[in-house]
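Residue numbers (the numbering used here), protein chains in the order written: chain B, 1 to 213; chain F, 214 to 696.
Keep in mind the hints are simulated off the structure, nothing from the lab.
Among the hints, a few may not be true.
[Stated by the list, open to error] Pairs of lysine-lysine, DSS-like flavour, derived with a Cα cap of 25 Å:
{"no.": "1", "chain 1": "B", "residue 1": "K22", "chain 2": "F", "residue 2": "K631"}
{"no.": "2", "chain 1": "F", "residue 1": "K650", "chain 2": "B", "residue 2": "K54"}
{"no.": "3", "chain 1": "F", "residue 1": "K631", "chain 2": "B", "residue 2": "K21"}
{"no.": "4", "chain 1": "B", "residue 1": "K54", "chain 2": "F", "residue 2": "K670"}
{"no.": "5", "chain 1": "B", "residue 1": "K21", "chain 2": "B", "residue 2": "K78"}
{"no.": "6", "chain 1": "B", "residue 1": "K19", "chain 2": "F", "residue 2": "K631"}
The chain contents come next:
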Amino acid sequence: MAATIEDLAQAVFDGDSRKAKKLSQKLLDAGEAPLDIINQGLMGGMSEVGVQFKAGTMFVPDVMAAAEAMSAGVELVKPLIAHEDIQSLGTVYMCTVKADLHDIGKNLVIMMLEGAGFNVINGGVDVAPEKIVEDVKELHPDIIGMSALLTTTMLHMKDTIELLKEEGLRDQVKVIIGGAPVSQDFADEIAADGYSPDAVSAADLAKSLVGAA
Amino acid sequence: MYRTRSLYTTAGFQVQQHLFWQMLTDDQCEAIVSTAEELLERTGVEVLSEAAVKVFEEAGCLVDGSRVRIPSTKIQWALRNAPSRVTLCDRKGNRAMMLENNEAHWGAGYTPTEYYDQEKEEKRPFTLADVEEFGKLAQMLPNIDFATQGGFPTDVDEAMAEVYAFKTLVKTTTKPIVQHVRGLAQAQPIYDMAVAVKGCAKELAFDPFVALHVSIEEPLQLSADALEVITFAAEKRLPVIVSNELVSGFTAPAESAGVMIVALANSFAALVLSQLVSEGTPFITGGFFTNNDTVNELHPVGSPEVSLLGGGFANILRYLRIPSYGFGGATDSKISDAQLGLESALSTLCAGVAGTNVIAGAGVFESGLASNPNLLVLVDEMACETERIMRGVEMDEDRLARGVIEYVQPAGNYLATKHTRYYFRSEQFWPTLMNRKRIDDWAAEGSLTLGQRTMNKTKSLLVAYSPKALKDDVVAELDKIAG
Chain B
1 MAATIEDLAQ
11 AVFDGDSRKA
21 KKLSQKLLDA
31 GEAPLDIINQ
41 GLMGGMSEVG
51 VQFKAGTMFV
61 PDVMAAAEAM
71 SAGVELVKPL
81 IAHEDIQSLG
91 TVYMCTVKAD
101 LHDIGKNLVI
111 MMLEGAGFNV
121 INGGVDVAPE
131 KIVEDVKELH
141 PDIIGMSALL
151 TTTMLHMKDT
161 IELLKEEGLR
171 DQVKVIIGGA
181 PVSQDFADEI
191 AADGYSPDAV
201 SAADLAKSLV
211 GAA
Chain F
214 MYRTRSLYTT
224 AGFQVQQHLF
234 WQMLTDDQCE
244 AIVSTAEELL
254 ERTGVEVLSE
264 AAVKVFEEAG
274 CLVDGSRVRI
284 PSTKIQWALR
294 NAPSRVTLCD
304 RKGNRAMMLE
314 NNEAHWGAGY
324 TPTEYYDQEK
334 EEKRPFTLAD
344 VEEFGKLAQM
354 LPNIDFATQG
364 GFPTDVDEAM
374 AEVYAFKTLV
384 KTTTKPIVQH
394 VRGLAQAQPI
404 YDMAVAVKGC
414 AKELAFDPFV
424 ALHVSIEEPL
434 QLSADALEVI
444 TFAAEKRLPV
454 IVSNELVSGF
464 TAPAESAGVM
474 IVALANSFAA
484 LVLSQLVSEG
494 TPFITGGFFT
504 NNDTVNELHP
514 VGSPEVSLLG
524 GGFANILRYL
534 RIPSYGFGGA
544 TDSKISDAQL
554 GLESALSTLC
564 AGVAGTNVIA
574 GAGVFESGLA
584 SNPNLLVLVD
594 EMACETERIM
604 RGVEMDEDRL
614 ARGVIEYVQP
624 AGNYLATKHT
634 RYYFRSEQFW
644 PTLMNRKRID
654 DWAAEGSLTL
664 GQRTMNKTKS
674 LLVAYSPKAL
684 KDDVVAELDK
694 IAG
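Just chain F, same shape as in the assembly (with noise of 0.2 Å):
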């Protein structure tokens, strides 16, 4: 189409595929890094379960009572044996999430104990049926690329919540699930209702469809039950999320370099324990960093902070060759408004560009107190906004347009040319819910301000779901492991 010439006359050409926020050169992550493997060298860090240190022991670790000191070899050693890159199905088996490279993937919160209901801009307790919504949300939207369970269901036996929400997502949704867990006491029925689904153990190892997510809320102390969550994981090779959950100037250092490095020497001992258990198994780390806001005493999700940390770290993390997780898409608003759109079309976009592999938050609202579905749908649209910036500028020899150009002419137009029409579908964002209309069109369908159109869209894809139902003898099994 208007070539000028062959397109094989370039040799090397270098490009860039995907734009990237490469915010820490090489030289500044293996700083941290190297401060992160002397501090647990030298200060270690606290594994409060016996059988973990006795793991940690064995491989030549120091000990000395729950205090466990690793010798920097022995992260190196982990480091070589972790997969570079990890893949997540869907239930089906599809090869859906590619955990690897500066891939980004995005999807729900999970901690809010409160539904904030956008149209009686009211909130009520988080159940189980709306996990269920989230579910089917995820299930519908593009850009969402694994479901979570959006908020922590309170309608259910406080110690089984995440086995009751897991369930429920994977009777509603095929997509990948991110099932976050505190203990071993849901890890086991959750891994046992995912082996009832695939119908057998060696089917899930291979074609993992959930990956386990643990949080990590301390400086360089493993609790039992992370401890627990881990091992097991890595006993059944599944795919295992450790999450740090530091605040800065209060968990971790008020610095960011300083947060990174206690996060990373958390992960750290996280990756050392899951390879010794059992060498190469799935292993992603990263987490929700953010500040302490010592006006309002709160820790915020939608400060620059969270941005500019979790894109640190996902950076670090692709030095390693890590498989990296990071949050993004939440707000502190307390309302669906300017400060709402502002704050998660930051955080998407940062961790976005920081190529964070997986990316939960989306629909996490008023500093992660409620969970609100149509902030997830309106993540879902900004997600689609990023891919667009991400995918940069691409460069072929059509693309660079000097044949049509010339065809043209100055002072002409390309709209009527084929080269146009060959490119102007793919080559931009088609917005869904970003109002683009004339000002008449718009006031004839209601002036509708973005908070309305998203609650509309929102509720037209919960009319168009269509269930994802597993057979009768599968929901009879896991009828069985959570009754």
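With the rest of the complex left out, here is chain B (with noise of 0.2 Å):
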């Protein structure tokens, strides 16, 4: 029997990397548009994933195996896609802040702005405020996601506004923080654009923060 777009959704949404790939390369055989394969099928599959998560329905490790599907097809599917018809959201800057080495919650980010239309670049784990400022200024990303574990590093997010304000690069870019300890309340507190309880609505902050959503 063909692939259906429909198929690969589902691969997506159950979580099975294996299927998704190969559902994809099926489907580019097929000769169905690269496009249309990534939007309705990779991505259609992970946004009824975000609906089951925020019904709480689905889990993290739901999430995780979901967005790992996705990535797998997209990272088949993406190379042929022509640069001029790939629509970016927008650039996103993610990192773990100093003396914090936790990625899993800021990784699963990354796939799923990644899955929404942004284009991600990773920082990596404990990087200092006067690293992002210096990465800030070299690549203009339009959203700076941080993300921080412990309460005591989620400090280092004020660190890095403050900067940004001394630097004068505050109102060219967008501060977004999550993980565990942080709360709307922290991001009020240190003037940060946006905060997000899960991987989910970060993607969806991230669009509404350009306009997007």
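Starting from the two chains in their separate frames, assemble the complex, guided by the hints.
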């Protein structure tokens, strides 16, 4: 039986990376447009995961599996898309802050942002405010996303925002934050542009900040 | 998944399949059993029914008026003949409760004459409408295994209260029903209704969806009412639960072993009678044991002694291979507070891990004076937590996880592994009432306490309930029996 876009979306939803990759290849072979494969198949499955996650019927391990399946397909299909056809919603610079090595949440957010159509730069872990500012100057992202798992390291988010102000860059870039100890109150306190409690809403938040939601 | 070797290289691997609170060793159980046997042989038991006395006498027991002395060999004969396991079915005939081994099952209470309205924080008389509410909740709650009347309805003819309660329950729920009766006056019409529901007596004996529950409240004395119910149930081959309701230092000795010995002697006398009337008839026993609170002159339902004595008695019955009955999920508190949570949780856990086959009492409030349906809803959650603990540490090649630990490597994280995705749902308890929300989310939902959340769940369960109606001709039949 011929593979359909719906089958591919289902494979992503099921978190089945091998099947997602196999079906993506089959659809390409059958002459399906690469953009449709990504937007309707891979991202289509992922957006259903997002809906279920918000409803509390799917959980982080499910989202991670689906995101991996989606990435496996995207990796295969993306090189075939003509550069000008790739519609990017903007560039997000993602990192885990200084003295903090936890990157699972950050990496999940990256997958979700990529799935949503952002170009993402992965700044890595243990990134000092000075390095973030340096990267902003060089790479000109639309949004900076910072992650922290510890109450001690989350304070570097504040330091980063202050340094951005000192360097006169604060109004050129939006700052969003996340991580277990972080809250909306903390985001307000340090004057970040947004906070999100999970990866799915992080993608929605980023979209709303670039006016794409 | 991440396997490191074959599943089939381990021979004779012994497991503790479920956690089990074995507080008494076989030697301790035997000491209690022997003492109860000796008591029945020497002191004997008062049997307040001539018909029952005759049954004992014909079987070779020593009879002196109403005093019956039972030879130990008769008890051992009865223990060999009574089934070690009893199955209760649901109303539709599906096998629902396996009363065997250390299988625990939970349900509500049956004695309180008042209903506690948690929202208004006030009490009012318990009515037939409240029986219906308890029936609906039993139907809707996944960890409540059987239905009971929840309390004693006061708005109907007192002599027939349990009969009306049963009629209400059987119309409301399909779950097995544990129906308390005081005597034959209630047992007979309830049996007739159960037969009407199943179509014929044979079907009911084959798929019993009701167990009659009768109490013994004196030491070494069986009332005429209790004896009649035990005899009747045996004749009809209907499961009977003989419940000792004894108070240490009052109707039983003031220490634990003595309470269990008196209770076991009562149970043995009832057991011998049931097996003499009909060999192999299903017999379940146990009880509600409490202490005498001499400060407040009452008998608590939430004391640790309730759990200790109940658990110990379940151990003895397990040793004897007789299905057990016990008590849990009740409180002495007068309001929805921490004491309510603490007492009901402790007793739910203890009765469960002691392997009590039938655990009644969920929702019993204010030392047994009132009944609170919200507590039943809360005990459902506790029973689920208890079952999680009882499930214990499962072990096989995949769960020993060597493969995935090697795959993740030191300082790694298991969140993104297939192993986690496979197990994270089944390996943890998923709360419906316990609050783990982040404080902002909790505040956004109104900063509700456990008591308030439980009330909301109770209300939504009652709204979501869909009728489990019987056929019109069956209902007409029930109305004819109990109009």
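Hints versus structure:
1. Taking the CA atoms of K22 of chain B and K631 of chain F, the gap is near 19 Å; set against the 25 Å cutoff, the hint holds.
2. Of the supplied pair hints, the one linking K650 of chain F and K54 of chain B holds, its CA atoms being roughly 14 Å apart against a limit of 25 Å.
3. Pair hint K631 of chain F plus K21 of chain B holds up; C-alpha atoms about 17 Å apart against a cutoff of 25 Å.
4. Proximity of K54 of chain B to K670 of chain F is assessed by CA-CA distance (about 21 Å); at most 25 Å being required, the pair is judged to hold.
5. The hinted pair formed by K21 of chain B and K78 of chain B meets the criterion: a straight-line CA distance of about 12 Å does not exceed 25 Å.
6. At roughly 15 Å between alpha-carbon atoms, K19 of chain B and K631 of chain F fall within 25 Å of each other, so this suggested pair holds.
The structure agrees with every numbered hint stated previously.
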